[in-house]
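2 protein chains.
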Amino acid sequence: MKHPTISLIERRVSANHFDASFTLTNAEIERLVDLATRAPTAYNFQNWRFVAVRGTQYKERLRALAYGQTKVADAGVTFIVCGVLPHHEVLRERLRPFVEAGFMSAATAAGWREAARQAYADEQKARDEAVRSAALGAATLIYAAEAMDLATSPIGGFDTAGVASAFGLASNELPVLLVAVGRPACGNWPQKPRRPVSEVLEIA
Amino acid sequence: MKHPTISLIERRVSANHFDASFTLTNAEIERLVDLATRAPTAYNFQNWRFVAVRGTQYKERLRALAYGQTKVADAGVTFIVCGVLPHHEVLRERLRPFVEAGFMSAATAAGWREAARQAYADEQKARDEAVRSAALGAATLIYAAEAMDLATSPIGGFDTAGVASAFGLASNELPVLLVAVGRPACGNWPQKPRRPVSEVLEIA
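Chains H and V, in that order, give the protein sequences.
The numbering used here applies: residue 67 is where the first sequence begins, and numbers increase by one.
The numbering used here applies: residue 67 is where the second sequence begins, and numbers increase by one.
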């Protein structure tokens, strides 16, 4: 039998139209972020932050910064998924519970810190990692929300500098993707056609 | 009742140890990529390519470029998930079936091409989009594989220039993440502890 996750992946569509009368509770928002943060990150950095934009005024402000896209305001909540530039010193804290529980030695944790220090000395690599972590978290948030029978829409088209300023992001935080979550309204497109697998896959 | 996708997200771990005797068939690899490409991309760009590294010699070559990480070679297959720098002209092809099926007007498709031309004129934004699309595809590949009872491990630590050269990537292709997929062996860690939600979530 097909695992329900396979069916969910197969049928997922990016919604354009949301029921503007529907909103999410704090508990629902917290649960979605709890699940999103189960996504993997390099070195267990967990270098992300989620701003759940739900208040009408905030949504309108975000909509304006997303070139007026209606779904940003009509969705129950629109998440600003931020990637954080990875700094090796935070791994002390992020890995501590794993070391204290006896799964990882202190020496291994120190090795990871040093590896991370070298890996992200290059600014472009640090930025790539922020984008990567945020996208992995956003994808997980999307599948979690779809599993809760909510509609979702990732939105890449927005004024990143404007969002950073309007929502008080720190200088090491990069708004990578908006994810609108809510109840779908009528008129949504079906899934857009995909390229044939043979065009995007090479087996070596 | 909890949707199985929620349980899957909750229990997923990044495997470090794989059963080296297990491999995947072409059909299984194709199915995984078919599912991975259901992930969303900006403008339906589908700006990704998947190199499934399965042959022993190729896996050894990739392992060397991933600083000797054993899992790269022990996994049944290790995917090189590449993001492609988005070029607006390819949208002509990518959106054509959707236009021909009557869902999107030719004018809207032309509007998307123009918006994409402007959005990615900035090189950094084009690179961000390549990383973002590949990460969304990689996350989807991971959840699809987990739903097929396979173990997975995303790997960010590898020599990107070396991989690009050894596997003949095009100049507009960026290897964003390796994803090892296979059957788990003994000795894998449990899921690493996550930060409390209150630390990574703000509700506005």
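Keep in mind that the hints were calculated from the coordinates and are not lab data.
Don't take every hint at face value.
Note: identical chains are not told apart, hence a pair may lie in one copy or across any two.
[To be verified] The calculated SDA-like cross-link candidates involving lysine to any residue, where the alpha carbons are at most 25 angstroms apart (straight line), are:
#1 K68 - D215
#2 K258 - A93
#3 K68 - M214
#4 K68 - H154
#5 K258 - A181
#6 K68 - T122
#7 K258 - E166
We went through each hint and held it up to the structure:
no.	hint	result
1	K68 - D215	both (18 angstroms within a copy, 11 angstroms between copies)
2	K258 - A93	between (32 angstroms within a copy, 23 angstroms between copies)
3	K68 - M214	both (19 angstroms within a copy, 9 angstroms between copies)
4	K68 - H154	neither (41 angstroms within a copy, 37 angstroms between copies)
5	K258 - A181	between (41 angstroms within a copy, 18 angstroms between copies)
6	K68 - T122	neither (40 angstroms within a copy, 31 angstroms between copies)
7	K258 - E166	between (47 angstroms within a copy, 12 angstroms between copies)
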